[in-house]
Every structure is written in structure tokens, then in C-alpha cells.
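Peer 1: Sequence:
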Amino acid sequence: MRIPTTDQMRAWDAYTIEREPIASVDLMERAAGVFVEWFAGQYPDLRRPVHIFAGTGNNGGDGVAAARMLHQRGYEVELTLCDFSGRPSADFSEQLRRLPIHGALTTRRMSLPAEMPAVSAAAVVVDALFGTGLTRPLEGHWAAIVEQINRLPNEVVAIDLPSGLFADQPTTGPCVQADKTFCFETPRKAFFFPENADRVGEWSFGSIGLHPGFWEGREAADNYLTARDVARIVKPRARFSHKGTYGHALLICGRRGSMGAALLAARACLRSGVGLLTTHVPASGYEILQIGAPEAMCDVGLDSDHWVAPPDLEPYSAIGVGCGIGQAASTAQALKRLLQKARVPMVLDADALNILAQRKEWLQYLPPASILTPHPKEFERLFGPAPNSFERNALQRTKAQELGVYLILKGAHTCIASPDGVCWFNSTGNPGMATGGSGDVLTGILTGLLAQGYSPFEASLLGVYLHGLAGDIAAAHRSQPGLIAGDLADFLPQAWKTIADAE
Numbered sequence: 001m002r003i004p005t006t007d008q009m010r011a012w013d014a015y016t017i018e019r020e021p022i023a024s025v026d027l028m029e030r031a032a033g034v035f036v037e038w039f040a041g042q043y044p045d046l047r048r049p050v051h052i053f054a055g056t057g058n059n060g061g062d063g064v065a066a067a068r069m070l071h072q073r074g075y076e077v078e079l080t081l082c083d084f085s086g087r088p089s090a091d092f093s094e095q096l097r098r099l100p101i102h103g104a105l106t107t108r109r110m111s112l113p114a115e116m117p118a119v120s121a122a123a124v125v126v127d128a129l130f131g132t133g134l135t136r137p138l139e140g141h142w143a144a145i146v147e148q149i150n151r152l153p154n155e156v157v158a159i160d161l162p163s164g165l166f167a168d169q170p171t172t173g174p175c176v177q178a179d180k181t182f183c184f185e186t187p188r189k190a191f192f193f194p195e196n197a198d199r200v201g202e203w204s205f206g207s208i209g210l211h212p213g214f215w216e217g218r219e220a221a222d223n224y225l226t227a228r229d230v231a232r233i234v235k236p237r238a239r240f241s242h243k244g245t246y247g248h249a250l251l252i253c254g255r256r257g258s259m260g261a262a263l264l265a266a267r268a269c270l271r272s273g274v275g276l277l278t279t280h281v282p283a284s285g286y287e288i289l290q291i292g293a294p295e296a297m298c299d300v301g302l303d304s305d306h307w308v309a310p311p312d313l314e315p316y317s318a319i320g321v322g323c324g325i326g327q328a329a330s331t332a333q334a335l336k337r338l339l340q341k342a343r344v345p346m347v348l349d350a351d352a353l354n355i356l357a358q359r360k361e362w363l364q365y366l367p368p369a370s371i372l373t374p375h376p377k378e379f380e381r382l383f384g385p386a387p388n389s390f391e392r393n394a395l396q397r398t399k400a401q402e403l404g405v406y407l408i409l410k411g412a413h414t415c416i417a418s419p420d421g422v423c424w425f426n427s428t429g430n431p432g433m434a435t436g437g438s439g440d441v442l443t444g445i446l447t448g449l450l451a452q453g454y455s456p457f458e459a460s461l462l463g464v465y466l467h468g469l470a471g472d473i474a475a476a477h478r479s480q481p482g483l484i485a486g487d488l489a490d491f492l493p494q495a496w497k498t499i500a501d502a503e
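Numbering-wise, the sequence shown is residues 1 to 503 according to the numbering used here.
Everything labelled a hint here was simulated from the structure, so no lab data went into it. Fair warning: there could be bad hints in the mix.
Listed below are the simulated DSSO-like cross-link pairs for lysine-lysine, each with C-alpha atoms no more than 27 Å apart in a straight line [unchecked claim]:
1. Lys399 with Lys180
2. Lys341 with Lys399
3. Lys336 with Lys360
4. Lys377 with Lys360
5. Lys341 with Lys360
6. Lys180 with Lys235
7. Lys336 with Lys243
8. Lys399 with Lys377
9. Lys377 with Lys336
10. Lys497 with Lys243
11. Lys336 with Lys399
Whenever a hint applies, use it, and build me the whole structure from the sequences.
Peer 2: Pasting the structure below:
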């Protein structure tokens, strides 16, 4: 699913108005109806009052239309019009004209923040001051009303965007702190970054029927990874296939005291659908891997405690390296030789990334289209700090292009940056996955998918989505606080089935 920029969103609206065709005020009417359907599902109790604060632009027009529709449904609605500019949009004015003359819809107009009305403590407050059209930080009267809304103890719902939030750049001014946000057609990029979590709250989106033809011949720099996207990637398994059909993966993982990382990666790789798996571990990990992952072969390295040399790479169709290997000097040299020898797709995680962060000149040895999976601190060690998530995302995109790799930055909405500069934000996963070993599971999944013949692009999208989906299913069965990394591997079969059922 494409994530349009603010300019693209505005152009998409205009394209729909022209090509459907539909009047802009009627498109606004349609958008308000979609919001009201969502709102009624969230707040079905008609006895709970609703207080809408509307600006005089098109977002305010959405709020006025929503007030009328909620009133018609039987809600007790109060509408406060914040008219600080005296320049209402044409569609806002038309929505005002459509308000009922008689009935229980209370409407008042504010020309100064000091005229802020009393708000019932039981009311749901709806923010419809500004949407995507904001071009500069809020100040003056607008900043004052936002601060007053934020001081209210009420639950706050934002239409399209919390007022003051920028969709495509860092937000520096005051912003409504919404508990829930409902936006039109697609999510906005700002929703995926942690500094906006308290501004956006729990977000949802719904289609207002914008014309699909807008995207013909156009691309989006950012996308939202959904079940529909990954269902197209999954390869069917032929009846007469065999284990050789699905590749032979190599995982180079573990050291004494960190063999659990190797085991987690191995279990996940096996559940990814790979035909054969060999784990290359120090001698101290032999029994652990043979007992914990009996379906995998175990190749023992030259040292009892650390990885010190690459094995023969000829049998393998994909390689994963880094989980729990440590950063000993001999291990670092082994990694360098591996990068120089490898001729198959690779996944690099954890200590493999930490070693490269200390020896950045070795980045030149990365095989083309390798997959790197840093968490935020590993990313910072590799590429340096960024002042905010927008700039970190820009840096991620640039480094993926410069290095010719798939750069997967793990987080609440794990982001995949591809060598062509396009990013994908994941839709699956939950806070229960914030536990040691989750990244090892992802490495195993990605390596297994590569071994089966999925391209690095396909493996990145499918692997990240599967990883999060397994976490969601595990959390539903075992709770978020009780979730451990091993649960992710255990629930991978259900994740695969969920994707198959969605096709």
C-alpha cells in the first residue's frame, strides 16, 4: 500500500474530483461519512456526548459534516467553530449551510481562545482544526487552542491528522495529543515514528474511494506492508518437490554463553520452509544444537568457544551470520573472509553488524543485495546518529542505495529500505516482541527464505511481515508480557496459515 506525501495526497484528491467526477464538497461528505462509520464502531453508546472543535478550512469542513451526521445518528453533539482567521474555505461554508436549523446540535463560534467553552467530562473530544494542509508550525491563537484541548481530561479523537502534526517532516510546534486518529485512504508517514506516538495515539484509516488511476505511472517512495502485499510473494509448493527444492541454508551463529541465539535462529529458519539447514557453531555448541534443533545439521568450527574461520560455502544457497558470535578479533577476521568469499545472498545481524561498525571500510565487501537487520543502536553505530526519525529514515534510504543492500531497521514499524531507495513500513508486530532473541528469529526466517529462492526484496518483505505476524499470534495466545522469542518460531506455522487463508 502506497503512503502518499502531502503533495501527492492533495493531487490524488484533485485527480478524483476531476476523473470520477465528483464535487469537492461531496468528496468531503463521503470522507466524513467514512469517519462517522468508524467513530460509531469505536463509541457505540449514543448517550456519550461528542464535542467537535472545527477550524474553518477543509479539515474543519470534515468536522462540521461529521457533527451533522453524528447528530442524525442520535448522538448529543456540540460543535465549536474556531474562527481565528476570518477566511473560511468554500467547502467549509457549504457544510455550515447544510447544518440543521432546528434540533439538539449545539453550535457556537469562537473568535478568541479565551472563549473556550466548558466541555462535559464525559464527552469524546474531536479535533478537526487542521489536517494535511498545514504548512508551518501553529502559533498564536491556534497554538493556544491546541494547548487548551491538550489540557482537557477527555479522550481526544483526531480527524485525518492531529492538528499541528506534519505528515512528511518533523513536527516542531504545538500539536494536539490525540488518543485516537482516523485518517483518510492511507496511513501517513509520521505515524510510523516514535516521537509522534503520543500525538497520534492509536491510529486507523479507511478508504474514501479516491480514484485508483492516480497511481498509474507513479511511484511512492514509502509504502505500508500489508497482507495483500505479501500474499502476492508467497511461492506455491509443488506436489513432487523435495527437500533439495527448497534450498540449503547456512547459519553461522553462537559462541560459548550465547548459543541460545544460534538455536533461536535455527528453529526459525526451519519453520521458514527451508529444505535443509546447517548450523556452523563452535564445538561448545554442538550438543545444544543437536538436541535443540535435531532437524538441522551441525557443522563444528575450529575453536571450542568462538567462530574463527568460514566453512566451505559451496553447498549453500544462502547464508545468515552474526547472531551471538561475539566480537573477538579472530571472529572479526573470519567475518571479513566470509564477506570476500560469499557468492550467495547473505543476512547480517547482531555482532556481524557491530564488527562492521568498528571497521566501516569492510562495508565494501558486502555482497550485492545483502540484507542487514540492525536495531536502532546498531544502526547508529554503523551510520551515525540522526536528530529525528525522519532524518534517520533518510539516512537509512541513502545507505541502502549507496551500499546496494536491503537495510531493515527494526522497531515498532520495522522499515525495509531497498537499493532503489523505496521504503516499506511493516504493519505486523507488537510490544511483546521487545525481548531478547527476537532479532535472531528474524535472521533465521530471512535466511531460510533466501535459501528457498526468494529474492532479497521478496525475502525482506515476507520475512519481516511473517516475523511480526507470528508475534501477533503468539501474543494473542500467551499475552504480550509473557511472550518470549522462542514463541515467535513456535507460531510461524500459524503465521504461514494466516497468510494462506488471506489469499
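Peer 1: Assess, step by step, whether the Cα of lysine 336 is no farther than 27 Å from the Cα of lysine 243, and give holds or violated.
Peer 2: violated, 31 Å
Peer 1: CA of lysine 377 to CA of lysine 360, is that 27 Å or under?
Peer 2: holds, 16 Å
Peer 1: When you check the alpha-carbon spacing of lysine 341 and lysine 399, does it fall within 27 Å?
Peer 2: With Cα atoms ~23 Å apart, lysine 341 and lysine 399 stay inside 27 Å; holds.
Peer 1: CA of lysine 180 to CA of lysine 235, is that 27 Å or under?
Peer 2: Given pair lysine 180, lysine 235 is violated - Cα atoms ~37 Å apart, limit 27 Å.
Peer 1: Is the straight-line distance between the alpha-carbon of lysine 399 and that of lysine 180 27 Å or less?
Peer 2: violated, 34 Å
Peer 1: Please work out if lysine 341 and lysine 360 have their alpha carbons no farther apart than 27 Å.
Peer 2: Since the Cα atoms of lysine 341 and lysine 360 sit roughly 18 Å apart, the hinted pair holds (cutoff 27 Å).
Peer 1: Hinted pair, alpha-carbon criterion (27 Å max): lysine 377, lysine 336. Please report holds or violated.
Peer 2: holds, 22 Å
Peer 1: Would the hint linking lysine 336 and lysine 360 be met if the CA-CA limit is 27 Å?
Peer 2: holds, 11 Å
Peer 1: Given the hinted pair lysine 336 and lysine 399, is their Cα-Cα distance within 27 Å?
Peer 2: holds, 20 Å
Peer 1: Mind checking the alpha carbons of lysine 399 and lysine 377 for me, to see if they're no more than 27 Å apart?
Peer 2: holds, 16 Å
Peer 1: Given the proposed pairing of lysine 497 with lysine 243, does the C-alpha separation stay at or below 27 Å?
Peer 2: holds, 20 Å
Hint check: violations occur at hints 1, 6 and 7; the rest are consistent with the structure.
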